[in-house]
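**Student:** So the chains spell out like this:
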Amino acid sequence: MSEPLVCVRDLRIGAVTDAKRKVEIIRGVSFDIAPGEIVALIGESGSGKTTIALSLMGHARTGCAIQGGTIRVGRHDVTGMTEGQRAALRGTEVSYVPQSAAAAFNPSQRIMDQVVEVTAIHRLMPRAKAEAKARELFRALALPDPDRIGNRYPHQVSGGQLQRLSAAMALIGDPQLVIFDEPTTALDVTTQIEVLRAFRSVMAKGGMAGVYVSHDLAVVAQIADRIIVLRGGEVQEEGTTEQILNAPAHPYTRQLLDAFEPVPHVSATPAERARPILRVDDLCAGYGVIRDGKPAAKVLQNVSLQLERGRNLGVIGESGSGKSTLARAIAGILPCYRGDMLLDGEVLNPDLRQRSKDQLRRVQIVFQLADTALNPAQSVGAILGRPLTFYHGLKGAARDARVAELLEMVHLPTALRHRLPSELSGGQKQRVNLARALAAEPELILCDEITSALDTVVAAAILDLLKELQRELGLSYMFISHDLSTVEAICDEVLVMLKGRVVEALPAARMSADATHPYSRLLISSIPKLDTGWLKGLEQDPELVAQFANR
Amino acid sequence: MSLPLRIPTPARLGYSFNWAGRIGLAVILFWVVIALIGPWITPYAPGDMVDWNYFGPVNGQFWMGTDYLGRDILSRVIMGARYTVGIAAAAVVLACAGGVILGMIAGVTGGWFDMLLSRLLDAFNGIPSLLFGLVVVAAVGSSIPVLILTLAVIYLPGSYRFARALAVNVNTMDFVTVARARGEGFGHIILREVFPNILGPVLADLGLRFVFIVLVLSGLSFLGLGVQPPNADWGGLVRENIEGLSLGAPAVIFPSVAIASLTISVNMFIDNLPTRIRDRSE
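In order, the protein sequence lines correspond to chains A and B.
Taking the numbering used here, the leading residue of the first sequence gets 1, the next gets one more, and so forth.
Taking the numbering used here, the leading residue of the second sequence gets 1001, the next gets one more, and so forth.
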């Protein structure tokens, strides 16, 4: 075997918290990367994957410091370098593709100026040559109009294009190692495919080594040669992509893989044909100034749906398709300007202020970001106690007892009620968020992307909890998500949304087989699969892609 | 089973201060105590001419020297604390309470009410504060309630702007939407959901405004429109004794130091409030 390009030995990175407590973030990590090899760092948030990736450039985030171990990249000993020498290394030997391309570009400068900046800083080549090279890279990354796209400003290209342009920025200095930090996490699935394809081909052509940081095993399976599974700053397992996916040795890796496999949902109760819990007809809603009874920006157009009691309805679509607006319109937060809503046969007023307290109680909404959905100034007990007092008039000891019951229902220790939301983990916050909705004793819960911000293992646990609560309390969920495997795991029926309209309604279990609308087929086929050959074998109709995908 | 008795000190409740905050608090408390017990600790009656010499030096008999009429400066500074601390505290409480309540109502209600109130107070903000004070005091005459109200009115629009900007931000958070979707009334949303989350910055703003008010009050008194002779607040004491500077008299120094110590310590205190109050929203 040839000499490895990158050699990390016993890497230790620590930080000092505000309370002057020392925390070990990375605890003795060692790995090698061969020239031309792409290694993926996989793990949940807080596992140290980004910290390790940044340390390959000799960079540690504010407050963190490399405290031990050695990092060698090519002939350079990164850990022994001065800051000036490291600056010379960055961009020419090692480069970085950040998660948010939108934040990585200066909005007031043309794209070309920013892409060739690296060559100017390191005095690699004259400007004209650099621009020619940039255009070559644009072509290799399959960007449209490669000769002129550099003249645009960052807001004039799409998110997927911007992410590829940020890769061009990283590649222009001919680095030996490229670090990709979750570059497709913020993108829609149909966009993600194109970006992944571009990354793959350009990396293979250039023979560069790469480090791909991600929490998404399916994405990593498409691009990486080897996978390193991290948890709590330690390597759990290391192996080729095939081996990790097919024969995981470590229990944690298996847990990660299991969380990924959708368990097809079996309907808890047979559909009662009597009366649907929610029926929506011809719903139209939008934002902005209302003229002639219609808002300036119409988001939802003629949406109709029906949800039987005890069953779950999934709503899928890409960002901007109006999924969240639909939930807000049903909850009455955004009054619809046309259409009818029936809750258990009862007419729901579009505006929540006109609804009865009982109607409000029966429909609860749970938001995606538990960070902003919980009042940071109130303790968990106060957050859960308020709906109890408000809807059920509970006070004192009775309320405390019910709060304890609710916490138990969502599998949280009762002692947590004295804590503030900032003292909880992401998964715990989402459970409290859910418990607050349960406190009202609702019949229908509108779940707006409630697992999207969570790690896969935590999200899987939340889904299990939802199913369990459904069995016990006979709830119905409307489950909004962009993640099809989540929807598949919990829903009976699925609505596919595109630009504020429902394009198709499908049974969740046979989504891929039954889809007939071209957009649903495109969306469903774009979901990465846990199979190394998936992207290579994927064939999509280019016309279809051009028509629907926001690349 | 017996629980050990624990006195709930600020530190044990999680409200601990750092040193700068403690020093600030100590100085504020010192001036508040002086203001409260002033009449009983003044060595001389503040209005009496006790020294045959004017602009007398610091000595064992007159610890801070004497003023332009031979009155004891120490006694006058002690009595001045009543006016300065009392008027400024009353005015800042009125200004901030009014501003924050109106700001939260406007920020949460939005629409035409917000528009109307904001433009109105913006227009008011355009009037120079000292000029407004001069006109009002000249028209109505100077008395302590007029001074308090004038100062409060001058500083209310700024406080309103600040609170409204914060409330608008909090108002768009999901937890407020959840409360609204629950069917909560306006009062609950303002008091329970919004107010606790803007409290930290509002307190910092209150401290800053207190300092401004002390300075404007001193300014008004310096111009002779504040507290009327023979009584004097600290600003008035500075005005009375400013000529003494050319004679090398120490009389003007002590009231100036008093103003500086109060304003600086209020800032030190507010900037170093316990994180539990200051950063509640984090």
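Please keep in mind that the hints were generated in silico from the structure rather than gathered at the bench.
Here the structure is a predicted model, which is why all the values come from computation and not from measurement.
We put the beta carbon where it would ideally sit given N, CA and C, even for glycine.
Keep in mind that a hint or two might mislead.
Sample of chain B residues with no beta-carbon within 12 Å of chain A, all distances over it, derived [said to hold, decoys possible]:
(1) V1170
(2) A1181
(3) G1183
(4) L1247
(5) T1263
Each pair of labels, with its calculated beta carbon distance range [said to hold, decoys possible]:
(6) A/R254 x B/A1165: 49 to 55 Å
(7) A/E423 x B/L1245: 34 to 40 Å
(8) A/D340 x B/A1097: 54 to 60 Å
(9) B/F1030 x A/G84: 51 to 57 Å
(10) A/Q85 x B/V1032: 57 to 63 Å
(11) A/H517 x B/G1111: 37 to 43 Å
(12) A/Q85 x B/L1191: 35 to 41 Å
**Student:** Look at each hint and say if it fits the structure.
**Tutor:** Hint check results:
The Cβ of B/V1170 does not lie farther than 12 Å from every Cβ of chain A; its closest approach is about 9 Å, which violates its non-interface assignment. In this structure B/A1181 is not separated from chain A by more than 12 Å, as the shortest Cβ-Cβ distance comes to only about 5 Å. A Cβ of chain A approaches the Cβ of B/G1183 within 12 Å, the least distance being about 4 Å, so the stated non-interface status is violated. For B/L1247, the shortest C-beta to C-beta distance to chain A comes to about 53 Å, beyond the 12 Å cut-off, and the non-interface label holds.
Every C-beta of chain A lies more than 12 Å from that of B/T1263, the closest at about 29 Å, which supports listing it as non-interface. Between A/R254 and B/A1165 the C-beta distance comes to about 51 Å, which sits within the given range of 49 to 55 Å. Separation of A/E423 from B/L1245 is about 57 Å and departs from the stated range, judged on CB atoms against 34 to 40 Å. Remark: the range hint 54 to 60 Å for A/D340 to B/A1097 is contradicted by a beta-carbon distance near 46 Å.
Hint check: B/F1030 to A/G84, Cβ distance near 52 Å, so the stated range 51 to 57 Å holds. Checked against the hint of 57 to 63 Å, the pair A/Q85 and B/V1032 passes, with Cβ atoms roughly 58 Å apart. Take A/H517 and B/G1111: their Cβ atoms lie about 41 Å apart, and the range 37 to 43 Å holds. Checked against the hint of 35 to 41 Å, the C-beta distance between A/Q85 and B/L1191 comes to roughly 58 Å, which is inconsistent with it.
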